[in-house]
Structures are given as structure tokens and as C-alpha cells.
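> These protein sequences, in sequence, are chains A and B. Here the first sequence is numbered in the numbering used here, starting from 44 and rising by one per residue. Here the second sequence is numbered in the numbering used here, starting from 698 and rising by one per residue.
Careful: at least some of the hints might be erroneous.
[What the hints assert, rightly or not] Below, computed lysine-lysine pairings styled on PhoX-like, alpha-carbon distance capped at 20 Å:
hint : chain 1 : residue 1 : chain 2 : residue 2
1    : B       : Lys-794   : A       : Lys-107
2    : A       : Lys-79    : B       : Lys-984
3    : A       : Lys-107   : A       : Lys-79
4    : B       : Lys-863   : A       : Lys-79
5    : A       : Lys-107   : A       : Lys-121
[As the list claims (entries may be wrong)] Residues from chain A that face chain B, not an exhaustive set, calculated with beta carbons under 7 Å:
hint : residue
6    : Met-44
7    : Arg-45
8    : Leu-46
9    : Tyr-47
10   : Asp-48
11   : Pro-49
12   : Ser-51
13   : Asn-81
14   : Ser-111
15   : Ala-112
[What the hints assert, rightly or not] Sample of chain B residues facing chain A (criterion: CB under 10 Å; computed from the structure):
hint : residue
16   : Leu-712
17   : Pro-757
18   : Thr-764
19   : Val-773
20   : Lys-794
21   : Pro-795
22   : Ser-805
23   : Ser-1041
Note that these hints are calculated values from the structure, not bench results. No residue lacks a Cβ here, since even glycine has one placed at the ideal position from N, Cα and C.
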Amino acid sequence: MRLYDPTSSGPERTLFRAPPLPALEGRTIGILENNKLNAVEMLHEVAALFEARHGCVVRPVYSKSNASAPAPAEVLAKAAGDVDFLITGLGD
Amino acid sequence: MPFDSRRIHDVPDDLLAAIDYCYEQGWTDGLPVIPPVVDRVDATLAFEGRPPEAVIATHPATGLQLTVHAAAVNAVMAGCMPEYFPVLVAAFEAMDKPDFNFHGSTASTGGSAPLLIVSGPVADDIGMNADVNLFGPGNRANATIGRAVRLILRNVFQMIPGISDKSTQGNPGKYSFCIAERSRSNPWPLLCETQDYPPGVSSVTVFAAGGFCNVENHGGNTPEQILLSVADAMANYGCITLGQSVVILSPEHMRIVAGAGWSRSDAQRFLFTHAKRSIEGMQSVGKYRDSEYDHQHGSNAHALAEAGFVHRGMTPDDILITMGGGDAGGHSCFIPSWSRGRGSIFQHKPIGVCIDCV
Chain A
44 MRLYDPTSSG PERTLFRAPP LPALEGRTIG ILENNKLNAV EMLHEVAALF
94 EARHGCVVRP VYSKSNASAP APAEVLAKAA GDVDFLITGL GD
Chain B
698 MPFDSRRIHD VPDDLLAAID YCYEQGWTDG LPVIPPVVDR VDATLAFEGR
748 PPEAVIATHP ATGLQLTVHA AAVNAVMAGC MPEYFPVLVA AFEAMDKPDF
798 NFHGSTASTG GSAPLLIVSG PVADDIGMNA DVNLFGPGNR ANATIGRAVR
848 LILRNVFQMI PGISDKSTQG NPGKYSFCIA ERSRSNPWPL LCETQDYPPG
898 VSSVTVFAAG GFCNVENHGG NTPEQILLSV ADAMANYGCI TLGQSVVILS
948 PEHMRIVAGA GWSRSDAQRF LFTHAKRSIE GMQSVGKYRD SEYDHQHGSN
998 AHALAEAGFV HRGMTPDDIL ITMGGGDAGG HSCFIPSWSR GRGSIFQHKP
1048 IGVCIDCV
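Extracted from the complex, chain A is given alone in its bound form (with noise of 0.2 Å):
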């Protein structure tokens, strides 16, 4: 019996994770703040430990209206310019 393979027969992956830093120290830093309850308030809290304990530059927040969507890709190419690394996270 000869069974076909169900899954995706395209490119495995287009898309992959950057690498990462060798070291956080003075890096900046930029919040990605993607609109859902309580967030931009919880990365703040977790950038200010960045900045206390690696001595980061932390920059001005980035937003994205829909935090189930990839952040639209002017948004990512304006941090990109700005900031050596982004955290983002849910806050709920």
C-alpha cells in the first residue's frame, strides 16, 4: 500500500529565529507592545530589569494593534533600526 505524506510538501520554514546576543551589557532595548490587557505595563516592569542589571538603553515603545498577527513589517524594520533586541509578551 502506498500512502502519500499529509504533511506541508513547500519550503519547511521560511521564517527562523535571529541569533542571539553574545552579551546584554549596554545593549538597547525596545518594548514591542502588542495591545493586549495589562502588557505595556508588564514589559516595562521587565524592562527596567534590563536596565538594572545589564545597564540596557531602553527606547521608546513599539505597538501592534492585533497581538494574535506578526507585527506589521514597518514596525519590525523601525525597530530593526533602532534597538538591538525586543521583548514583547502577553500581559493576560
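With chain A's structure known, arrange chain B on it following the hints.
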């Protein structure tokens, strides 16, 4: 010639062993699948005009692609007859529209299941059920088309429960959630007739749905009484949001509503007006947010949005209403959106024809 000989699995010529093999590969939704043998997949592909490698949908977060071929393989596994295939293809074309946001609705803790509503003559042509036990078991087309959606989400897009599908409670519709719109005795235009398709063209509407809520009312005999029951279900604290809604009126309820001369638009406006909670009420359960209220009551607010209240949805058009179910029984239903706002918007596509492609 097989589509891709590297993707052929040779298994012993034993049906039960092949079913077990599919389990071992992690290809099932927990129920046994039809082993996707080559001949049966090829018969399904005959119902699609594009080549097997044509891409129907792309996962925005991973780039994984659904080809016509992969869709056919999963359709066979779900138990679809080949003639069901155009419905499945159209459903994923609709889900691929960015505003449907099928990654978010599939991955979320919210437990969304894609609800498919098939409208037009194709429903009868392939033997779909729009009648008694509408959301229940018993009809092959309804059951297997909906199931094929889930198998594709699992096998092609790798939305695996607990890994990439983080649904807190799940949803029984995640096994299968596919109905036909009832045309028999329906006093309102069919959905496909309101979606600007040429006469005779069927459509499928997709909706990132939460759980099913039965709306029982055997005592009401006016449109207001029936629809207030529906509006109350839509506005319950557990699910009121700015998201969209699907309402399926039973034939008994529809006879009361449309029999009094109410149009679909009348019913939508009534439901939007009454499916609401006060600011104080929303605050009492901790669900009130200034930003949501301002969004609903800002410069583009609908005229029926009442100051001091949070309504379900943004406009009456956010409430999809049609008729379905058996002749007997005062049981309609309300199905909330997974999205609490505009995170997923219902979409539709024609079935088996190319209207807007190039």
C-alpha cells in the same frame, strides 16, 4: 506519476496496519483516518483545476504552505468524497485572507475552531446537511469537510495541541465545524446571494469561532421576544466583546421573525442594539477597558451604539444571521467569535469557480 515520489510511504498491504501507521506518524486528530492511498488522492485532485503544486494558503508565522496536493491528501484522510474537495479549497482560500488571521485563531488560548458555512446549490449537490441535527453527527460531507480543515491545520501547518496550538479549553468544533445554510423555506436571501457572486455560484464563509451556545425559547411569539433571547446570549459576561457573531435561527424562530416582516437587516440592527452591557456592569466583572469603549464610541461609531454601554460587535453587520436546523424546536444558536475585536474577521470565497483571481 506521483506528485513527489520522495513523499510516498510504502506500508504493508493491510488496512488496519495502515491506520495504525498513520497514528504512529502523528497524522490524526485522535480518530482513525482513511490511509491516503495514491489512487484516492489522485481522484480528489481531479476536482481542482490547478496543478497539485499550486499554493492555496500560506502560514504567516512559519511560511509553511498548503498546496492543492497536500489539501487533497488530508481530505482523503478525513473521509471526504472527491466532489467535496472544491469546498475545502475555497475554505482555505478564504482563511488565507490576512484579515482572517488563521495563525492567531488557531494558536490562541481562546480555543477557536474555524466554522465553515456553505451557502448555495453546491450544498445540495454534494449532500450536505442544513436541516435537523445541523451541528451534530451523521452527515458525511459536513463531518469530513470540517475534519479535513483540522487535519490540514495539524499536518500541514503544524498547529499541534500543546505546542503551537495553546488552546486552554479546546472546542469540540476543533474536530469538525462545518454546516450548510438552509435554503429550504428560508425567507431571506442566501449568504451567497448577498456576497455579490454571480447567480448560481455557491460560497463558503469562514469564521474563527468560539463555542456553541444554544438559545432556547419556546414561549416567545414575537420577533422581539425571540431576538431578545438571542441578544442576551450574545451579551453574557463570559463572551461579550467587540468581536463578531454568528446566529443560526431555527425554522421555528425564523417563522416568527420573518413572518412579522423583519428582514435580515432588521434583525441585525435589533440584536446590535440589545446585545450590550453597561459600563458599570463591565467594570463589575473586571472586563471594562477604556480603549475598547473609545474604539466603539469614537468618531466612526455606529449610530446605534448607545452611550454608557458596550455592545457586542462594532456594527450590525458584525452579526451574521441565517437559518438552519430542523423544522421542530425553538432552538436557535449563537456562536461568538474567537477574536475580542478585529483580530479575525469572517471571510468568504466562491466554490469551484475563479471570480477574482488573475
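> Now tell me if each hint is right for this structure.
Status of the hints after comparison with the structure:
no.: 1; hint: B:Lys-794 <-> A:Lys-107; verdict: holds, 19 Å
no.: 2; hint: A:Lys-79 <-> B:Lys-984; verdict: holds, 12 Å
no.: 3; hint: A:Lys-107 <-> A:Lys-79; verdict: holds, 10 Å
no.: 4; hint: B:Lys-863 <-> A:Lys-79; verdict: holds, 17 Å
no.: 5; hint: A:Lys-107 <-> A:Lys-121; verdict: holds, 12 Å
no.: 6; hint: Met-44; verdict: holds, 5 Å
no.: 7; hint: Arg-45; verdict: holds, 5 Å
no.: 8; hint: Leu-46; verdict: holds, 4 Å
no.: 9; hint: Tyr-47; verdict: holds, 5 Å
no.: 10; hint: Asp-48; verdict: holds, 4 Å
no.: 11; hint: Pro-49; verdict: holds, 4 Å
no.: 12; hint: Ser-51; verdict: holds, 5 Å
no.: 13; hint: Asn-81; verdict: violated, 10 Å
no.: 14; hint: Ser-111; verdict: holds, 3 Å
no.: 15; hint: Ala-112; verdict: holds, 5 Å
no.: 16; hint: Leu-712; verdict: holds, 8 Å
no.: 17; hint: Pro-757; verdict: holds, 6 Å
no.: 18; hint: Thr-764; verdict: holds, 5 Å
no.: 19; hint: Val-773; verdict: holds, 8 Å
no.: 20; hint: Lys-794; verdict: violated, 12 Å
no.: 21; hint: Pro-795; verdict: holds, 8 Å
no.: 22; hint: Ser-805; verdict: holds, 6 Å
no.: 23; hint: Ser-1041; verdict: holds, 8 Å
Comparing the model with each numbered hint stated earlier shows that hints 13 and 20 do not hold.
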